[in-house]
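Asker: The chain contents come next:
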Amino acid sequence: MFSDLLNKLNSDTTGSLQHHFGAELWLSVTIVVMLLFRLLSLDRFVPTFIVALVGAAAAGWAAFGQFSEIVAADGVAPLTFFGDMLRHDLFSVFFRIFLALFLILTIALTVLTGIPDNEDAPDFYSLLLGATIGMMIMASANNLLMLFLGVEMASVPSYAMVGFLKGRKPSSEAALKYVVYGAGAAGVMLYGISLVAGVLGTGDMSLMAERLSIVAESGSAGFGDPEVRTVALGVMLVMVGLAFKLSLVPFHFWCPDAFEGASAEVAGFLSVASKAGAFALLVRFCIGLSGVPATAELMTAFGIGLGAIACVTATFGNLAAYTQRNIKRLLAYSTIAHAGYMLMAVAALLVMINSGSAKALTHDINACIGGLLYYLAVYLFMNLGAFAVVALVRNYTFNEDVDSFKGLIGQSPALCITMLVCLFSLIGVPPFGGWVGKFMIFASVYKAAQLHWAMYVVLAVGGLNTVFSVFYYLRIIRAMVLEERPADAPSVKLPSMEGYYVCVLAGMVLLLGLAPGLVNGLTAIASKAGDSVMAVIGR
Amino acid sequence: MQPDLTSYLLVGAVLFVCGVVCMATKRNGIGVLMGVELVLNGANVNFVAFSKYTALGLDGQVFSLFVIVLAAAEAAVALAIALNFYNNHLTIDVDRANKLKG
Numbered sequence: 089m090f091s092d093l094l095n096k097l098n099s100d101t102t103g104s105l106q107h108h109f110g111a112e113l114w115l116s117v118t119i120v121v122m123l124l125f126r127l128l129s130l131d132r133f134v135p136t137f138i139v140a141l142v143g144a145a146a147a148g149w150a151a152f153g154q155f156s157e158i159v160a161a162d163g164v165a166p167l168t169f170f171g172d173m174l175r176h177d178l179f180s181v182f183f184r185i186f187l188a189l190f191l192i193l194t195i196a197l198t199v200l201t202g203i204p205d206n207e208d209a210p211d212f213y214s215l216l217l218g219a220t221i222g223m224m225i226m227a228s229a230n231n232l233l234m235l236f237l238g239v240e241m242a243s244v245p246s247y248a249m250v251g252f253l254k255g256r257k258p259s260s261e262a263a264l265k266y267v268v269y270g271a272g273a274a275g276v277m278l279y280g281i282s283l284v285a286g287v288l289g290t291g292d293m294s295l296m297a298e299r300l301s302i303v304a305e306s307g308s309a310g311f312g313d314p315e316v317r318t319v320a321l322g323v324m325l326v327m328v329g330l331a332f333k334l335s336l337v338p339f340h341f342w343c344p345d346a347f348e349g350a351s352a353e354v355a356g357f358l359s360v361a362s363k364a365g366a367f368a369l370l371v372r373f374c375i376g377l378s379g380v381p382a383t384a385e386l387m388t389a390f391g392i393g394l395g396a397i398a399c400v401t402a403t404f405g406n407l408a409a410y411t412q413r414n415i416k417r418l419l420a421y422s423t424i425a426h427a428g429y430m431l432m433a434v435a436a437l438l439v440m441i442n443s444g445s446a447k448a449l450t451h452d453i454n455a456c457i458g459g460l461l462y463y464l465a466v467y468l469f470m471n472l473g474a475f476a477v478v479a480l481v482r483n484y485t486f487n488e489d490v491d492s493f494k495g496l497i498g499q500s501p502a503l504c505i506t507m508l509v510c511l512f513s514l515i516g517v518p519p520f521g522g523w524v525g526k527f528m529i530f531a532s533v534y535k536a537a538q539l540h541w542a543m544y545v546v547l548a549v550g551g552l553n554t555v556f557s558v559f560y561y562l563r564i565i566r567a568m569v570l571e572e573r574p575a576d577a578p579s580v581k582l583p584s585m586e587g588y589y590v591c592v593l594a595g596m597v598l599l600l601g602l603a604p605g606l607v608n609g610l611t612a613i614a615s616k617a618g619d620s621v622m623a624v625i626g627r
Numbered sequence: 395m396q397p398d399l400t401s402y403l404l405v406g407a408v409l410f411v412c413g414v415v416c417m418a419t420k421r422n423g424i425g426v427l428m429g430v431e432l433v434l435n436g437a438n439v440n441f442v443a444f445s446k447y448t449a450l451g452l453d454g455q456v457f458s459l460f461v462i463v464l465a466a467a468e469a470a471v472a473l474a475i476a477l478n479f480y481n482n483h484l485t486i487d488v489d490r491a492n493k494l495k496g
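Heads up: the protein sequence lines correspond to chains A and B, in order. Under the working numbering, think of the first position of the first sequence as 89, with each following residue one higher. Under the working numbering, think of the first position of the second sequence as 395, with each following residue one higher.
Everything labelled a hint here was simulated from the structure, so no lab data went into it. Where hints are given, some of them may not hold.
What the hints assert, rightly or not - Facing chain B, according to a computed beta carbon distance under 7 Å, are these residues of chain A, among others:
hint, residue
1, Glu240
2, Val268
3, Gly275
Claimed, not checked - Far from chain B by the CB rule (all over 10 Å, computed), these chain A residues:
hint, residue
4, Trp149
5, Val244
6, Pro258
7, Gly444
8, Trp541
As the list claims (entries may be wrong) - Think about it this way: if two alpha-carbon atoms lie no more than 27 Å apart in a straight line, the pair counts; the simulated DSS-like pairs of lysine-lysine are:
hint, chain 1, residue 1, chain 2, residue 2
9, A, Lys254, B, Lys493
10, A, Lys254, B, Lys495
11, A, Lys535, A, Lys447
12, B, Lys495, A, Lys257
13, B, Lys493, B, Lys420
14, B, Lys493, A, Lys257
15, B, Lys493, A, Lys494
16, A, Lys254, B, Lys420
17, A, Lys257, B, Lys420
18, B, Lys495, B, Lys420
19, A, Lys581, A, Lys494
20, A, Lys494, B, Lys495
Yeah, the Cβ is synthetic: ideal placement off N, Cα and C, and Gly gets one too.
Use the sequences and the hints to build the structure in full.
Answerer: Written out as structure tokens, the structure is:
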């Protein structure tokens, strides 16, 4: 019997390792290779960033192989592996490709800006790749244990990366704040997990709703039931941890400080990748709690609560960005606001799947998750583009204030125009990619508003916020285009490689808004990914 | 008398609250990290108690084993960051971390 168990474990592990865990495995191998290269002094001959780039590309290639396999076998049943710990479906594969692509772009950016130097490169790229593995695990988690491990695997390297510029006071302060708040939020989340898992008697996220309806004695989960109250408390504590990762109000305070203290490259990585992983996790967690009639009422209320948090987050982020002088801080508040927009999609999703007519709404539900994924895909390029320009300009001016961008158009048109494209896309002006993403999310919120009036409020606040956000983005644009460059300001050279790099990012933002083939293709894939993640409910 | 589930959960809850209060009130960076450890161990007590008394079974003990390992890893990184902060500021008073604001 024991040998049977071992054999099963062996076949399960080795089979899954290659087929479903390939991307993560490649990244892990790359970390080991990078550290070994330095141990053997091979990094003098082969620069570390090349090893990191090859590893990231291999991970992307492995994920793309999984993607084409799933697309070829259309309608393949999503499966779980490693003893139901992780889930393999189009949704997780989408995030693996997304994260691998983002990793390649981030490594390319760090090579162009020269942070880290040769001595520190193996450490820095190990942390970067390690955090990415954590985010991939977040995107495929099927168990509360993997939820916690994924969040921690993504967070712990991030703390170290924020404090990577060791001698700088702001950097060490940012890292200390991030680690103290982050560890606290993780602890609170773990306590929440212990309550949820304990009362429901399982850590499996796909079984949570079913177990909850069994535990609730009266047949419908209401707050009268002590067990349901305990689970609701646990879910709230778990949400504290997730809200921290997503920088939602009131757990956003670390975000501007960490971004200002960290280098712009790290800030860009945190603002995109860590958000993407956390949103994937949030979607999985919310779907795990939904889909059973007994929990419908409770989860609709939860969705509307998320909608309220989304409104507050978007409004706060946009208003607080007004007074910022440091451009990384300004972009941090913009990140908070965008987390608010994306959370609106999750709120709409919860309202729709817990309505009585969820079956009839299948198409809209898929489109809702698809809209979130599309927004994340555009957000990757536009936000990384903005942070890349900040990092590249910093290398010439040694300054990260909005004022240092004055008259950039006369200095380096490529950087300036990329920044313009990214900012207009962040505002959500057609025809840029950000507009398409925002439109899809607002369309889903509108659909959800047909089911519950509160979502109309969310929609209105979302629309208003788009107007609020125009002003502070326009301040950067005015500084870049209209204002004279002070005579004593250091000049920004006309870059060559950097120019190509940022033009690629700006081009992708444009294409994701303008090229109908690309927009439709990505939307279709994103909706299919939404369909695959919904398979948990088994409608 | 054999203690029941509630008494274990009570211990876990007390640890959790102590940890949160410690995180919120301590001005010393290391003190805050000790508060985090209390919170994590409060959750661990819950996990082990649930694994004995409910359908969670052995899963609960596996949870707590992973948490112990992770707490060690997190403490290592957090202490390194605290040391780096000390090198730059010659203090680990978290109130002195007030340069970044706005």
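Asker: None of the hints should be skipped; say for each whether it holds.
Answerer: Checked hints:
Here the hint on A/Glu240 is kept, as its CB sits about 5 Å from the closest CB of chain B, short of 7 Å. Taking 7 Å as the C-beta contact cut-off toward chain B, the hint placing A/Val268 at the interface holds, the least distance being around 5 Å. A distance limit of 7 Å between C-beta atoms decides the matter here; for A/Gly275 the minimum to chain B is near 3 Å, and the interface restraint holds. Residue-level check passed: A/Trp149 sits 30 Å from the nearest beta carbon of chain B, beyond 10 Å.
A Cβ of chain B approaches the Cβ of A/Val244 within 10 Å, the least distance being about 5 Å, so the stated non-interface status is violated. Its beta-carbon lying about 6 Å from the closest one in chain B, A/Pro258 breaks the requirement of being farther than 10 Å from that chain. Listed as outside the interface, A/Gly444 is consistent with that label: its C-beta sits roughly 30 Å from the nearest C-beta of chain B, beyond the 10 Å cut-off. Under the 10 Å C-beta cut-off, the non-interface status given to A/Trp541 relative to chain B holds; the minimum distance is some 37 Å.
In summary, the hint linking A/Lys254 to B/Lys493 is supported, as the alpha carbons are separated by about 16 Å, within the 27 Å threshold. This hinted pair checks out: A/Lys254 and B/Lys495 have alpha carbons roughly 20 Å apart, not beyond 27 Å. Distance hint between A/Lys535 and A/Lys447 is fulfilled; the C-alpha atoms sit about 14 Å from each other, no more than 27 Å. The hinted pair formed by B/Lys495 and A/Lys257 meets the criterion: a straight-line CA distance of about 14 Å does not exceed 27 Å.
About 19 Å separates the Cα atoms of B/Lys493 and B/Lys420, which keeps this hinted pair within 27 Å; it holds. Proposed proximity of B/Lys493 and A/Lys257 is supported: the alpha carbons are some 9 Å apart, at most 27 Å. Taken as a hint, the B/Lys493 and A/Lys494 pair is honoured in the structure, with Cα atoms around 25 Å apart against an allowance of 27 Å. Between A/Lys254 and B/Lys420 the CA atoms are separated by roughly 25 Å; this keeps the pair inside 27 Å, and the hint holds.
A distance of roughly 22 Å separates the Cα atoms of A/Lys257 and B/Lys420; the hinted pair therefore holds under the 27 Å criterion. The hinted pair formed by B/Lys495 and B/Lys420 meets the criterion: a straight-line CA distance of about 20 Å does not exceed 27 Å. Among the hinted pairs, A/Lys581 with A/Lys494 is consistent with the structure: their alpha-carbon atoms are about 14 Å apart, no more than 27 Å. With a C-alpha separation of about 24 Å, the suggested pair A/Lys494 and B/Lys495 falls inside the 27 Å cut-off, and the hint holds.
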